[in-house]
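**Q** Residues per chain, in single letters:
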Amino acid sequence: MINSHIHQLLHNCICAERERERERERERERERMEETRKWEEIEMDCLLCIFERVGLEDLILGVPLVCKSWYEASTNPLCWKSLNFAQLNLHPNSHFVQRFKRQYGIEKFSCANFLKFAVDHSRQSALEIVLPSLDATFVSLGDLDYLSKECPELKRLSLPFIMFPQAEKHIPNCLSKWKKLEHLSMHGKPISFMEVLSELSFHCKNFKKLEMRGSYQDQEALAIATMLPKIKHLCLSKSYMSKEGLLTILRGCRELETLDVKYCIGFKVDDEIQKMASHIKTFEFVGCSLKRRFLHGI
Amino acid sequence: MASTSNSTSSKIITLRSSDGEVFEVEESVALESNLIRRMMEDDCANNIIPLPNVTAPIFYLVIEHCKKHAEMKDNKEKKKELRSQGEELLKSDPHTYSNLMEAVNYLDIKSLMDLTAQWLADFLKGKSPRLIRELLKIKNDFTPEEEAEILERNRWAFD
Numbered sequence: 001m002i003n004s005h006i007h008q009l010l011h012n013c014i015c016a017e018r019e020r021e022r023e024r025e026r027e028r029e030r031e032r033m034e035e036t037r038k039w040e041e042i043e044m045d046c047l048l049c050i051f052e053r054v055g056l057e058d059l060i061l062g063v064p065l066v067c068k069s070w071y072e073a074s075t076n077p078l079c080w081k082s083l084n085f086a087q088l089n090l091h092p093n094s095h096f097v098q099r100f101k102r103q104y105g106i107e108k109f110s111c112a113n114f115l116k117f118a119v120d121h122s123r124q125s126a127l128e129i130v131l132p133s134l135d136a137t138f139v140s141l142g143d144l145d146y147l148s149k150e151c152p153e154l155k156r157l158s159l160p161f162i163m164f165p166q167a168e169k170h171i172p173n174c175l176s177k178w179k180k181l182e183h184l185s186m187h188g189k190p191i192s193f194m195e196v197l198s199e200l201s202f203h204c205k206n207f208k209k210l211e212m213r214g215s216y217q218d219q220e221a222l223a224i225a226t227m228l229p230k231i232k233h234l235c236l237s238k239s240y241m242s243k244e245g246l247l248t249i250l251r252g253c254r255e256l257e258t259l260d261v262k263y264c265i266g267f268k269v270d271d272e273i274q275k276m277a278s279h280i281k282t283f284e285f286v287g288c289s290l291k292r293r294f295l296h297g298i
Numbered sequence: 001m002a003s004t005s006n007s008t009s010s011k012i013i014t015l016r017s018s019d020g021e022v023f024e025v026e027e028s029v030a031l032e033s034n035l036i037r038r039m040m041e042d043d044c045a046n047n048i049i050p051l052p053n054v055t056a057p058i059f060y061l062v063i064e065h066c067k068k069h070a071e072m073k074d075n076k077e078k079k080k081e082l083r084s085q086g087e088e089l090l091k092s093d094p095h096t097y098s099n100l101m102e103a104v105n106y107l108d109i110k111s112l113m114d115l116t117a118q119w120l121a122d123f124l125k126g127k128s129p130r131l132i133r134e135l136l137k138i139k140n141d142f143t144p145e146e147e148a149e150i151l152e153r154n155r156w157a158f159d
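Chains as they are written, first to last, in full-length UniProt numbering: chain G, 1 to 298; chain V, 1 to 159.
No wet-lab data here; the hints were simulated from the structure. Heads up, the beta-carbon is just placed ideally off N, CA and C, and yes, glycines get one too. Worth double-checking, as some hints may not be accurate.
[Stated by the list, open to error] So the derived list for chain V, only partly shown, Cβ under 10 Å to chain G, looks like this:
| no. | residue |
| --- | --- |
| 1 | 76 |
| 2 | 77 |
| 3 | 104 |
| 4 | 140 |
| 5 | 157 |
| 6 | 159 |
Model the full assembly from the supplied sequences, consistent with the hints where possible.
**A** Here it is in structure tokens:
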């Protein structure tokens with residue numbers, strides 16, 4: 001009798017202990033759940049770090065409509081520092097434009113308005129703008145004006161191959177507003193090349209890198225050497241230039257770290273050029289020739 | 001002379017996670033964290049460094065990633081391996097991934113922050129809001145009115 005009573009007591013004790021253990025386990029589980037922060041509660045810093053890397057398409061169509069905190073983060077100008085329009089297909093019938101119109105309920109889409117839409121999000125803090133290379137209708141004089149007013153912090157600008165002559169002529173006027181510009185890339189040398197150089201030399205004190213394909217007269221090579229003597233990177237591949245022109249640049253721009261003259265026409269890299277370029281860390285000159293290849297034999 | 005340089009290179013730092021676990025970490029690994037670097041400069045080096053915002057399992061993950069990241073410099077295979085591990089974690093346990101990112105942010109480990117943010121950015125590429133919510137187990141906390149307001153606010157440029 002006593003024995004069985006003790007047995008019962010022991011049993012109760014064990015059960016109670018087990019129950020307490022289970023309760024502790026549940027407690028730990030609850031604590032773990034609380035420690036496990038969810039994506040909608042993650043710190044703003046982390047979200048910004050992610051969103052500055054997602055690119056325009058996802059920044060516009062994906063992340064803002066996930067939840068409130070993600071929307072909040074997506075409106076932070078830090079996410080809109082780099083505006084690479086060349087990654088998007090802005091043709092009116094493209095998949096992106098169709099999705100964009102559907103999602104935001106937009107009837108009339110235009111590239112100029114889309115540019116405003118994106119630039120407005122950057123709230124004057126855009127550092128980099130890459131415009132698409134083949135759409136002549138994209139960059140008008142008005143667009144350039146808008147960019148120069150709304151992007152005073154701009155460091156890198158990449159402009160397309162085909163532009164309206166009016167817009168090309170207008171580039172020098174814009175440069176005076178981009179005082180922090182460091183890197184200008186143009187798929188073709190503009191008609192306003194000399195003015196561009198003088199504005200760069202006058203207004204953009206930190207200017208470091210010029211990428212431009214074109215036909216360079218000796219006086220234009222001299223202009224590069226005299227107006228941009230402190231330039232660090234010069235990419236002139238697939239251009240036309242005489243040997244004298246190249247030597248002028250090499251004599252004038254003594255701080256060059258990169259010189260890219262791949263597939264240029266007008267000179268062959270000989271000992272004289274090599275010697276003049278010996279201080280340049282990266283000197284690329286494959287495929288240079290005196291004449292156009294297809295003229296051989298004529 | 002050789003022995004002294006040896007002993008300094010393998011110096012061990014002791015750290016304690018928020019749930020009381022103690023970790024012994026090589027100095028070279030610990031110093032990847034700018035937070036720990038600052039604490040050591042403020043002369044906490046001889047004591048146990050407390051990390052009140054990081055739990056043991058998450059801290060373990062951080063150290064693993066730091067070690068692999070140090071190995072991966074100039075090693076493409078290792079780089080791929082670390083990336084696929086990160087992606088795997090993101091898919092199988094998105095909550096732990098968010099904790100990992102917060103810990104990396106708190107410990108101020110720049111290289112690892114860049115990596116984990118880039119993996120996630122790549123993961124989000126081309127996905128709709130609905131799919132993102134589903135995969136990362138996020139609750140849609142917009143009311144229909146709020147959602148309509150956001151869309152309206154973004155239409156101004158096209159009116």
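**Q** None of the hints should be skipped; say for each whether it holds.
**A** Status of each hint after checking the structure:
Checking residue 76 (chain V) against chain G: minimum C-beta separation of about 21 Å lies over 10 Å; hint violated. The interface hint given for residue 77 (chain V) is violated, since its Cβ lies 24 Å from the closest Cβ of chain G, which is over the 10 Å cut-off. Taking 10 Å as the C-beta contact cut-off toward chain G, the hint placing residue 104 (chain V) at the interface holds, the least distance being around 8 Å. Annotation: residue 140 (chain V) was flagged as interfacial toward chain G, and the flag holds, the nearest CB pair being 6 Å apart, inside 10 Å.
Taking 10 Å as the C-beta cut-off, the interface hint given for residue 157 (chain V) holds, the closest approach to chain G being about 4 Å. Checking residue 159 (chain V) against chain G by beta carbon gives a least distance of about 9 Å; that is within 10 Å, so the hint holds.
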